[in-house]
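**Student:** What follows is the residue order along each chain.
Protein chains: 2
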Amino acid sequence: MSHPQSVFSQSTFGGKTLLSIRRDTIQKTSIHTQLEQLKVTGRYDCFKLKWHPVYDDHAMWPVPFHLFWDSDIAKWIEAACYWLQENYDKEIDKAVQELVDMIRSAQHEDGYLNVHYTVVEPDKRWTNVKDMHELYNAGHMLEAALAHKSFYKNDLLMEPILKYINHIDKTFGPKKGQRHGYPGHPEIELALFRLYGSTGSQSAYNLARYFLEERGNPKGQDGKHYYDWETEQRRDNFWARPDSYPEHRSYWVNQAHLPILEQKTIEGHSVRAVYLLVAVADLVLTHQMTDQKLSAPKEWTETLSRLWDNMVDQKMYLTGGIGSIKQWEGFTVDHYLPQGTDEGGCYSETCASVAVMMLAERLLHLDLDGRYGDIMELSLYNVVMTAMSLDGKEFTYVNQLASSDEDKSVRYDWFWCACCPPNLARLYGSLAGYLWDYGVQDARAYVNVHLYTTAKVTFEADGKTVVLEQISNWPLDGKVDFQLSAPDIQTTIRLRLPAWARGHYTLTPNPDSEQVNVSKGYITLSPAYVSANSFFTLEIGNFEPRYLSPHPHTNQRTLTLARGPIVYCAEDVDNPWETNHFKDTIIRRDSPVTEEKRVSEQTGEEYIVLKSKCWQRSLKDWEAKPRGEDPEMDAADQLVGEERAIVFVPYYFRANRGGNGHMRVGLLKG
Amino acid sequence: MSHPQSVFSQSTFGGKTLLSIRRDTIQKTSIHTQLEQLKVTGRYDCFKLKWHPVYDDHAMWPVPFHLFWDSDIAKWIEAACYWLQENYDKEIDKAVQELVDMIRSAQHEDGYLNVHYTVVEPDKRWTNVKDMHELYNAGHMLEAALAHKSFYKNDLLMEPILKYINHIDKTFGPKKGQRHGYPGHPEIELALFRLYGSTGSQSAYNLARYFLEERGNPKGQDGKHYYDWETEQRRDNFWARPDSYPEHRSYWVNQAHLPILEQKTIEGHSVRAVYLLVAVADLVLTHQMTDQKLSAPKEWTETLSRLWDNMVDQKMYLTGGIGSIKQWEGFTVDHYLPQGTDEGGCYSETCASVAVMMLAERLLHLDLDGRYGDIMELSLYNVVMTAMSLDGKEFTYVNQLASSDEDKSVRYDWFWCACCPPNLARLYGSLAGYLWDYGVQDARAYVNVHLYTTAKVTFEADGKTVVLEQISNWPLDGKVDFQLSAPDIQTTIRLRLPAWARGHYTLTPNPDSEQVNVSKGYITLSPAYVSANSFFTLEIGNFEPRYLSPHPHTNQRTLTLARGPIVYCAEDVDNPWETNHFKDTIIRRDSPVTEEKRVSEQTGEEYIVLKSKCWQRSLKDWEAKPRGEDPEMDAADQLVGEERAIVFVPYYFRANRGGNGHMRVGLLKG
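Residue numbers (full-length UniProt numbering), protein chains in the order written: chain A, 1 to 670; chain B, 1 to 670.
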């Protein structure tokens, strides 16, 4: 069972594509500026276990501001090790080694390893797994250890972490005397499956599976829901709760309101929900690909499918972003997808889309369906990519589809809760693992290509070396050249045909009909075609700008411009007439849209702007009328407003060139 | 300073108008069925101070289910006394007298009088004025006492209540040793102003003013916000909070986040917010009409105006309903006005609209502006009136503009929190007080007519008797006949011209131009016109059905049918083809609309249905397309859907004739 974070090193990026330019920026800049942030904020030294002034800040309860520091360090180490694998960097190497030394020195005799519960509340370990992120931090430490071992080929980090995992394994489980709990923020489950995938550790598999099967048990501990039980043990008031819980016992925020198999809809904190589903996908994959047996495999598969469908069909923005409510950073009722704060919400956290990519990648192993590949690409280019500035020094946590006076379209160099920046760094660091999956089936090699760019993969199949290279300028245009070298082994290539292309593609050389087969968004090139054409070209069509609208039940009667996989937005920097976040800007589907290729002064990358016309609605007349009289009533329903030229840029490009932070993805449909 | 609750008895309703039919129903039925509910639920006997099983129910914290029982009794007594004044009823009289006996017997030596803190937590008086409704209950008791005294002409209820108010006055205030607090649920302030208006009690005025001026003081008690201070005194966790507070210290729910004069927008629980503003209006009125001096009269007037404007222009539904969020039963960001639960909210509590009527009535004394009169009428006919069934036995608490599977359009015979039914009963009981205000100014009599119906007012002006009678079939048509008898005194009549009439009205006999004057939505008939025409007729025009749309920034691109002051809705009982709450029903402004007069089998009242056509949108095609492709794209933006006939009924008429509870006010605009 391979994970993208372990196989990415079999691929290399090349050329000057959008992905390779972003990756260069992270390697050259972000990984260093993030290290600097770890240092100036106190995180870097936290495993020295000294008191930091922020530990005295009790403005937030029960979660203190430093609670996630262990994970910030861990995610940065994980990212650093991926990048070191690609390009050695002395400063980064030194920092990783120093951090590992500090982590080792912070471990307790019994294996326990957590900054907060060592320095601040040493007598309260495991008293609040719902909110206090001990297991979440442990999960990220485990992922860091896997990346560390893979680069350093030593156990300096893995050894203490395995000791910690062993401690956790003794603490949690079904036996008498063990805590029948599970993390309030899922993460460790997917990390444990990665450990199992990497080492075959049966105890890692068992613990991950326990966390999944026990979750939401209404009578798990002494006849009570575990979170009720631990609240009682702490003698906390049941009505005392972090600000992220709208009501008491809102355990749906943690996906613990019901056992997972009984959950009909995806609920709560979006990062938690999707990390949890990544682990569920690994549980199902493990069942299908190894001799690990599940008691209800069909139910787990159906649950995975049901919750994915609910997320994508009812609770996902056109950008691929998820989560509309700020308070619990998550999901709410179906089709509730306002674009910004002044419309009632919109969160679309960066980490949530990183999680969606991880989940889509897992699902593609279970079921090769373009539905998953399309969403993976959508999330990558539109949420993950919009979350970092062109210079690699600033980030977003929240990715709303429209700005407002309260929440402008801007980036920040860091966050007190700093999950997103290092999450981006590790995702881009292991991105090659998401491009394709491959292997051997029935003595034939296969490569399923999910993402197009310029890259090359080399792998062994039945003792033969297979090399597949793709060269393209994706996502600017749809032409992708492939070159396969697979001597002495029959090879099948499957290429994703995005749904938005609506069947428009050409394959050169043109295959005979029996050489190819299109199913569920992938075209399969038979070994016959591939062996006859080691160089072939796929050209995806329908790259003309097109209009998107959200589901009619969102009550968003808006149009959004898209081109290929890229979703566009309007910014005031290009449209300086705009002063109210494009709230009153109307566009029409029948207006001509023209393309213009530009080059970024900051990165040298090409990007395509779209130009069209729009109308600026004035509400003065409307507001002067009797209450509720229709604004367009006097104009025989004709479009009212002043015509203007409007320029759109890719949403991933926003907030890089000054302006006043006014931006919108979906504009009123005229 | 007169209040509608004290002057209503100078007016009588007549004829068979919509208002008089509803009033008859309440008098004959509701006041009795509500008494029955008080009895079967245990409320009736609660002042006997015995234990009731519901007192053991701790499912809600800190507020127990019985916390408002005192106020339920009080509001019913208040209502009963209004109705007794109009029509004596032996059963009701007996019940009021029994209740008063029980209330008297429940009072403590020191004047304290509250069921919960006598029976359940006798040692915790005044420890949580934010949440525990002691002052709210006291306010309603005071209003009951005022009504009781007015009918019974004795002090049997007033005496213990004044003793209680005196106790409160000693407990709360600016002096050392007094609590510098104020109610979490405003109500007592407006009751105290009524007491002042009725008796001139200076201590009542002072206490009401103290509650208003102290509210939101960040350093009121020992240098702390009072609600922080009392939380500390109780040693409660600051993060423990009722489910109605989304975050800790969400004191905006109570309008206590800032001193009132610093509040820029109307926030929080909508009933609390508007009850509070009623008291602010009384504070300003008192300043203007008596010798009570205010330190910042301009600021109080501006605050009143600013918060009214924000409520009406940004936070009010087309029906006049307020409050879009269920959790805190209140307001949120400007223009966030979804129609139903599955769109993200809609509350529109009945009591909140009763409060809006009270506030509008007060404001009309301060500033005779049709803006206030129009909203008073809108709230009456569309929220207050929709809140009761035609048979007077069932009520609504929440008045959403669209049903959903979760919240269908239905009524209930009672609520555990039963504020709304008796609030309706007392509002209708004192409704004559809202029709008009009148008096003497510069030795001339005046009557300002706010609401049209069939009714007569008789009052003394400079020792002369003035009688004004109006006869109409409002709101079914716009013709109102007036007959004035005002011998020996010059009289000015002002009549509201609703904004929706758009200036269409005729006055018969036709006046000379110097005899009338139109300003801010009222036409003033000079004494010259009035004395020459003791019988005159106003006919308001523009009664044809018209379309309304909510503010464009609500993102609700919907059309709503209205006729005169009445807002319409579609129900599945008239349109049995509908099975999804009219979510996909499209109407067009250019479709002909016809009227049909019908007679209700239940009440014999006439009502007018509107008939038009609509289109049923199918989403099957859309959902089969690639993600986000526009549903109308292939149809050249033509209306897509099956054409059908559709019938609309007044929103006040909904949920009376069976059906499946599918209903919608705003339909998609095609």
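Heads up, a few of these hints could be off.
Remember, identical chains collapse to one label, so a pair may be satisfied in a single copy or spanning two.
As the list claims (entries may be wrong) - Cut-off 25 Å, straight-line C-alpha distance, at most; resulting in silico cross-link-like pairs (PhoX-like, lysine-lysine): (1) K669 / K620; (2) K16 / K298; (3) K28 / K50; (4) K39 / K479; (5) K597 / K620; (6) K613 / K669; (7) K597 / K39; (8) K408 / K264; (9) K176 / K597; (10) K16 / K50; (11) K264 / K620; (12) K620 / K90; (13) K153 / K298; (14) K625 / K520; (15) K28 / K293; (16) K620 / K520; (17) K625 / K479; (18) K264 / K224; (19) K264 / K326; (20) K293 / K669; (21) K669 / K625; (22) K163 / K620; (23) K94 / K613; (24) K393 / K94; (25) K393 / K170; (26) K219 / K620.
In short, the hints are calculated from the structure, not lab data.
**Student:** Of the numbered hints stated earlier in the document, which are not met by this structure?
**Tutor:** 2, 3, 4, 5, 7, 9, 10, 12, 13, 15, 20, 22, 23, 25, 26
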